[in-house]
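2 protein chains.
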Amino acid sequence: MELAQSLQQIQPSYIREILSAATAEGVISLAGGLPDGDKFPLALMEESLLSLPNRAELFQYGNTAGYAPLLTHFKARFELPDTHTSLVCTGSQQALDLIARAYINPSDNVVMEAPSYLGALQVFGLAQANIISVSQEADGPNLQELEQCFAEQKPTIFYAVPDFHNPTGVCWTLSVRQKVAALCEQYSVTLVEDVPYRELRFTGEALPLVSSFCPDHSLVLRSFSKIATPGIRLGVVTGKAESIDPLITVKQAADLHSSIPMQAVLLDLLTHDGFDKHLSDLQALYKSRYEVLATQLTAKLPKYCHFNQVDGGMFIWVTLPPCDDFALAQAAIDNNVAVVPSSVFYQQGEKVTPALRLNFTNASVEELAIAVDRLVAVISAECGE
Amino acid sequence: MELAQSLQQIQPSYIREILSAATAEGVISLAGGLPDGDKFPLALMEESLLSLPNRAELFQYGNTAGYAPLLTHFKARFELPDTHTSLVCTGSQQALDLIARAYINPSDNVVMEAPSYLGALQVFGLAQANIISVSQEADGPNLQELEQCFAEQKPTIFYAVPDFHNPTGVCWTLSVRQKVAALCEQYSVTLVEDVPYRELRFTGEALPLVSSFCPDHSLVLRSFSKIATPGIRLGVVTGKAESIDPLITVKQAADLHSSIPMQAVLLDLLTHDGFDKHLSDLQALYKSRYEVLATQLTAKLPKYCHFNQVDGGMFIWVTLPPCDDFALAQAAIDNNVAVVPSSVFYQQGEKVTPALRLNFTNASVEELAIAVDRLVAVISAECGE
Chain A
1 MELAQSLQQI QPSYIREILS AATAEGVISL AGGLPDGDKF PLALMEESLL
51 SLPNRAELFQ YGNTAGYAPL LTHFKARFEL PDTHTSLVCT GSQQALDLIA
101 RAYINPSDNV VMEAPSYLGA LQVFGLAQAN IISVSQEADG PNLQELEQCF
151 AEQKPTIFYA VPDFHNPTGV CWTLSVRQKV AALCEQYSVT LVEDVPYREL
201 RFTGEALPLV SSFCPDHSLV LRSFSKIATP GIRLGVVTGK AESIDPLITV
251 KQAADLHSSI PMQAVLLDLL THDGFDKHLS DLQALYKSRY EVLATQLTAK
301 LPKYCHFNQV DGGMFIWVTL PPCDDFALAQ AAIDNNVAVV PSSVFYQQGE
351 KVTPALRLNF TNASVEELAI AVDRLVAVIS AECGE
Chain B
1 MELAQSLQQI QPSYIREILS AATAEGVISL AGGLPDGDKF PLALMEESLL
51 SLPNRAELFQ YGNTAGYAPL LTHFKARFEL PDTHTSLVCT GSQQALDLIA
101 RAYINPSDNV VMEAPSYLGA LQVFGLAQAN IISVSQEADG PNLQELEQCF
151 AEQKPTIFYA VPDFHNPTGV CWTLSVRQKV AALCEQYSVT LVEDVPYREL
201 RFTGEALPLV SSFCPDHSLV LRSFSKIATP GIRLGVVTGK AESIDPLITV
251 KQAADLHSSI PMQAVLLDLL THDGFDKHLS DLQALYKSRY EVLATQLTAK
301 LPKYCHFNQV DGGMFIWVTL PPCDDFALAQ AAIDNNVAVV PSSVFYQQGE
351 KVTPALRLNF TNASVEELAI AVDRLVAVIS AECGE
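Chains as they are written, first to last, in our numbering: chain A, 1 to 385; chain B, 1 to 385.
No lab work stands behind these hints: they were computed from the structure.
Just so we're clear, the structure is a prediction, and the values are computed from it rather than from any experiment.
Note that the Cβ used here is the ideal one computed from N, Cα and C, for glycine as well.
Treat the hints with care, since some could be wrong.
[Said to hold, decoys possible] One-sided excerpt, in silico: chain A residues whose CB lies under 8 Å from chain B:
1) Leu-42
2) Thr-229
3) Pro-230
4) Ala-254
Generate the whole structure from the sequences, applying the supplied hints.
Structure below.
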């Protein structure tokens, strides 16, 4: 069989090869976006997991929209207005895919910041969307570019990760949030606000969701991979009921519904007395790792490298002088440290800022310190002292 | 946002309304395709479920293709040649969706028997395929029509449910299997062999998979919803590695992977000493229910109704004289018995054989007997004595 045209545009994913090499013996990996498996809240999930053999009703076919008690919980947890609703998805990745399938025709314009989340590039690539990039500044997207793009290109969707962006860690300021929301309303663009890292803030106060300023022009994707566990594959998309309904139609064809026992366990976890402490413990742990990584990088990186300070999330973004970022990442693996080169976060053919994405959530502080030494040696060798 | 063109072709699903009405107090439902929830093998799954809190590695991100030990098990269980491989999916429904996304362009020809599985009609409708129907006979598809279609229309895929078809219960004979496989090879058509009911045979010996006669021109979809439990949402597609690889690419964008804890529990169930007995108990139970339903129908249906004897599966298909099958199904619900009218199993605009699909796996023998009385009263009132 020949591949469908939509698939012929999909590039091989180099990040898979990097992640595969990153698991080799002796390699310290700052490459993946993995939460720390030792901190999964299994103790808080235990009672729920142990109850499953006695809850046969969870093992029958369920509703496509999700396990009803979980949907009720989301309504309250996310303070959804009566006109809004939730759809439980097989990870927030699926929510994004359903949105693209329900609303994007081939050649439709979709706006993203550059660089951007690889999984979103894949989804919109499969949908054969025309992806338009706007530059990312230290406080969010370049607003002038964004307005010009909205006005001239009439995009359907603006996909964004406003809280601790993947890969750059950028968190939009309040002012940028309000202005982007106003632009979405003015130009009737739907904001797809992807917030997997939002609850991983370890410094400062949470800012309002961008979509709180344009609730009827937005869909919000939430993930439970970072605050619960990724293996259960659960996320949720919220928005106006009339915008969610078509997603339910697509999901019915895509997988009927997501695992009901896992949805019940998630509900039990989110409503467990210990969940808030689990979250603050996680934030404190990641903060301590971030601080070690940032301190070591500040002390040891060559002067021509720069990196962003972050207030949360999972990543530090180190910019480099002009160089072959792939060759640098390969040399790093040869020196037993894995990182992700910036090219993978851009569309093919797009102007790439040479940089490396470093994850700080899945290595110990001891490993992080060693990793910096190894990485600095490679950068110095490849780009000069 | 406007709906994508692919969604504008999707008809509202009347079966949802019927299934919703079927859950009303006092209604005996023969409408759904539900396995008996009281017979879920939770006792066999218990040890595995109880072990989950101590298996943190199952809760981390996993491989898109599936949990490695489960893939190894499938290799042996399904006796896959070295050139073939498995992809674990979020239900076999997802496997079908991934196939359509990877291999079907809008307007490509896809062949199905008529009537056909509603979920397949939805998937190929979303893919904007041109669905070509061939008639179904008592022993499988009309071979003359099928060959003519293959020769003249050059379809990409022939989607089929050869074991205890949904909705008709038809099981292809050995001779038909061999001839269809030969046609697929001759005309380079990929057979998508969907076998969710294959292990629910309660009479006679299993026949070889059609794909066993054309292993390199086929993909096989297996479901664990009927023999394990539907709520865990797990199925698997097997075929040539080069045909499975593109499905993995699409799945990575669609949901990254399916729930790993559920995959581990499924593996423990399939390798449990008690699994074969669970399966034979289930077959015996469904056989006893089928026999009551068939006996009651034979005794009580008006002479102008006919139904197929089946050797397994979940459904009996009762054909009717010319009538409004939807009105009949609605009258049945008003008389407290729910069934599915045949129209939902055909493409819009296609010639429909008036019929009703009756499920016999989710009601007790007492309920089945009462249901027949209620149904016969409605048929007699609507179609004459």
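Now the hints, each set against the structure:
| no. | hint | result |
| --- | --- | --- |
| 1 | Leu-42 | holds, 5 Å |
| 2 | Thr-229 | holds, 4 Å |
| 3 | Pro-230 | holds, 4 Å |
| 4 | Ala-254 | holds, 5 Å |
The structure is consistent with each of the numbered hints, conforming to all of them.
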